[in-house]
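Engineer: Listed here are the chains, written in short residue letters.
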Amino acid sequence: MIKRSTFKSGYLPYLLILPQILVTLTFFYWPALQGLSQSFFLSDPFGRSSKFVWFYNYIELFTDPLYLKSIVTTITFSIAVATVSITLGLFIATMANRALRATALVRTLLIWPYAVAPAISGILWLFLLHPSYGIVALTINNWFGTEWNPVLYGKDAMIMITMASSWKQISYNFVFFMAGLQAIPRSLIEAAAIDGASPFKRFWAITFPLLTPTFFFLSVMNIIYSFFETFGVIHTVTQGGPGGSTNILVYKVYQDGFVGLNLGSSAAQSVVLMSLIILITFLQFRYVEKKVQYTG
Amino acid sequence: MIEKTPILDIFTYIFLMVGILIVGFPIIYSLIAATLPLEDVSKVPMPLIPGDQFMVNMKEAWTRGNLGNQIFNSFIMATGITVGKITVSMIGAFSIVYFDYRLRVVAFASVFCTLMLPVEVRILPTYEMAANLLGPLQGLWDVLHLNGLVSWFAGHDIEVSLNWSLLDSYTGLTLPLIASATCTFLFRQFFLTVPEELCEAAKMDGASPMTFFRKILFPLSKTNIAALIVIEFVYGYNQYLWPLLITTNPDMTTAVIGLQDLIPQADDLPEWNVALGAAMMVMLPPVLVVLSMQRWFVKGLIEKEK
Chain A
1 MIKRSTFKSG YLPYLLILPQ ILVTLTFFYW PALQGLSQSF FLSDPFGRSS KFVWFYNYIE
61 LFTDPLYLKS IVTTITFSIA VATVSITLGL FIATMANRAL RATALVRTLL IWPYAVAPAI
121 SGILWLFLLH PSYGIVALTI NNWFGTEWNP VLYGKDAMIM ITMASSWKQI SYNFVFFMAG
181 LQAIPRSLIE AAAIDGASPF KRFWAITFPL LTPTFFFLSV MNIIYSFFET FGVIHTVTQG
241 GPGGSTNILV YKVYQDGFVG LNLGSSAAQS VVLMSLIILI TFLQFRYVEK KVQYTG
Chain B
1001 MIEKTPILDI FTYIFLMVGI LIVGFPIIYS LIAATLPLED VSKVPMPLIP GDQFMVNMKE
1061 AWTRGNLGNQ IFNSFIMATG ITVGKITVSM IGAFSIVYFD YRLRVVAFAS VFCTLMLPVE
1121 VRILPTYEMA ANLLGPLQGL WDVLHLNGLV SWFAGHDIEV SLNWSLLDSY TGLTLPLIAS
1181 ATCTFLFRQF FLTVPEELCE AAKMDGASPM TFFRKILFPL SKTNIAALIV IEFVYGYNQY
1241 LWPLLITTNP DMTTAVIGLQ DLIPQADDLP EWNVALGAAM MVMLPPVLVV LSMQRWFVKG
1301 LIEKEK
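Sequence order for the protein chains is A and B.
So that you can map any letter, position 23 of the first sequence is 23 in my numbering, and since no number is skipped, the others follow by simple counting.
If you want my numbering, it's the 1-based position in the second sequence plus 1000.
What the hints contain is simulated information worked out from the structure, not anything from laboratory work.
Note that this is a predicted model, so its numbers are computed, not measured.
Cβ coordinates follow ideal geometry from the N, Cα and C atoms, glycine included.
It cannot be assumed that every hint is accurate.
Footprint (simulated), chain A over chain B, 3 or more residues, beta carbon under 8 Å [stated by the list, open to error]:
id: 1; stretch: 1012-1019
id: 2; stretch: 1089-1096
id: 3; stretch: 1199-1210
id: 4; stretch: 1284-1298
Model the full structure from these sequences, guided by the hints.
Structural biologist: Have a look at this one:
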C-alpha cells in the first residue's frame, strides 16, 4: 500500500530506508545465512577446520535423546506457562471489568510486573521457592507433605520456572483481556440480561466467544514468550538442571554453542528454531487472524 | 452493572483482592526481606514485619554489585535501543509510504520478513558478526586471493586482516537490537491513516518531503512515539541473552545480568536481603517508566502487537 499523493525524489527514499536495510542485512540476513551454512559443516571447537557433512548435524540432532527430551521439556513448559498466565490473566481481567470502583487503581496495581525483567522475576521466585528459606516452599511441604526440592527434583524445578515465567506474563495477558472486554458492546450484555441470562451464562455465551480472537492471539504470544524470552529465568534459576529437566531449546542452543562449542550442532538447532518461529508466524497470519473474527 | 447481584459483587472484590495479592506478593515479600538483617532473613519462616536494615542492605548491594555502573550501562543500552529503533523505523516507514520508487516493494518485503525473528534464535552467527563486523568482507578478500595481489604489488608478504569488533562496547549492546520490523510496520500502518489531503496541501505549498515529515508527520505521530518509547525502553533494559554474550568485561555488564553474582549459592552466607535489595533497585527504572506512562504503555502494547 502506498499513498495516492507521493513525493518525487531521486535519492531521498533510498537514503531514508538505508539504515533499516543495513541493520537488517548485517544482523538478520547475513547471520541467518551464516547459521544455515554452518549447520551443514562439522568443525573442530577452535574453528580451524570444517568439513561439509550434508545433513549429519540434523540427523545427529534428531536422534539425540537429549535433544528430543529438550523438545518435550519446551512443549510442556510453554503449555504450562500459557495455561497458567492466560487463565489467571482472564480471571483477574473479568473481575476487574465487573468492579465498578477504582478501575484505574486496580490497573496500576496489576500492570507493573510487565516491566520486571524475566531474570529478576526468576530471582524473586528462587527466593520464594528456595528449599530451605522459601516461604512458598515451606507451605508446599506443609500442605502436601512432600519434600520440595527444585535443586534435586526435575518436576519441582519445572514448577519453579513455570511460576517465575507465568507471574510476569499475567499482567501482559491482563492488559489484552481488559482491552478485549471493554471492546464488547454493552448493549449485547444488557440484551442478554433482559432475556434472563445470569452473569455466568452471559460470560460463557457472550463474553468468552467474543474474546476468542484475543485468546488465540495471546496463546501464540505466550508460547513465543516461553520459547525465547524465558532464557533469563532459566539462566538465573536452574541453568537447565537438574539433569537437563529444565533445558529448553533456546537454552540448549546457548549451552551447545557457547559453552560446549559444538558449532555445527548449535547452528542446526538455531535453524530448527528459526523454522519453527517462521511456521508459527505463518500459521498466525494465515489462520488465527482470519478465521477467528466475530466482530465486524 | 446491569442487575443487582450483591453476593456476586462481594465475591468479585474478594477475588480481585486475592488476584492483586498474588501478583504483588513476590515483590512485597522481597521488599520485606530487603529490610531485614541477615540473621532474620535466614530464619525459617522469615518474619513478615519489616526490619530497620533497609538502607544498610541497599548500600551494601549498591557497592557490592557495582550497581551504579551497571544501571548506567543498562540505561545507555535501553536508551540507545529506544532512540535507534524509533528513528530507524520511522524514517524507514516514511520512505515506504510516501515515496514511489523501484525497490520500494523489495525493501518493504525484506524488512517485513524479519518480523518475528527474535535475537535468541540466531545468537551464534549474530555474535560472530558482532565480533567482527567486517567478517563478510574478509571472506570476500580471501576468496579473491587479494592477499597475493597486494603482496605482488608491494613486493613482499603482507597479511591483511579486516577486524572491527563490537564486543564490550555500547554499539555492540544496542546496534544489533535496533532492527525492528514491528516498529516499522506500526509506523507504516499509522502513516497510512494520515489523511491524503495533508500531503497534498503540503506539496501545494511547496514543502519538501523533509519539511512535511518534520512539520506535519512528526507532530502527528507524537502519541505513537510516546507509546513506543515505553515499550522499547522496557524491552531494552530487560535484555538478557544478548548482553550476556557480548560483554565479558565486568565494567560493561548490564544490571540485570550483574544480579546473578549476588544470588547466594549453596555454600555462601544466605545474604538474600542484599540480593533482593539489589533486585529491587535494578527493576525500579522500567517499573517507574511503565507506571508513570501507563496510558501510553497500554496503547503501545496493544497497537504494537495487533
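Engineer: Each hint needs a verdict: does it hold in this structure or not?
Structural biologist: Hints and how they fare:
Residue count for the stretch 1012-1019 of chain B with a Cβ under 8 Å from a Cβ of chain A: 5. That meets the three needed, and the coverage hint holds. Counting residues of the stretch 1089-1096 of chain B whose C-beta lies closer than 8 Å to any C-beta of chain A gives 6; at least three are required, and the coverage claim holds. Only when three residues or more bring their CB closer than 8 Å to a CB of chain A does the claim for the stretch 1199-1210 of chain B stand; here the count is 5, and the claim holds. Judged by the Cβ-Cβ criterion of 8 Å, the stretch 1284-1298 of chain B is covered by chain A as claimed, because 8 of its residues qualify and three suffice.
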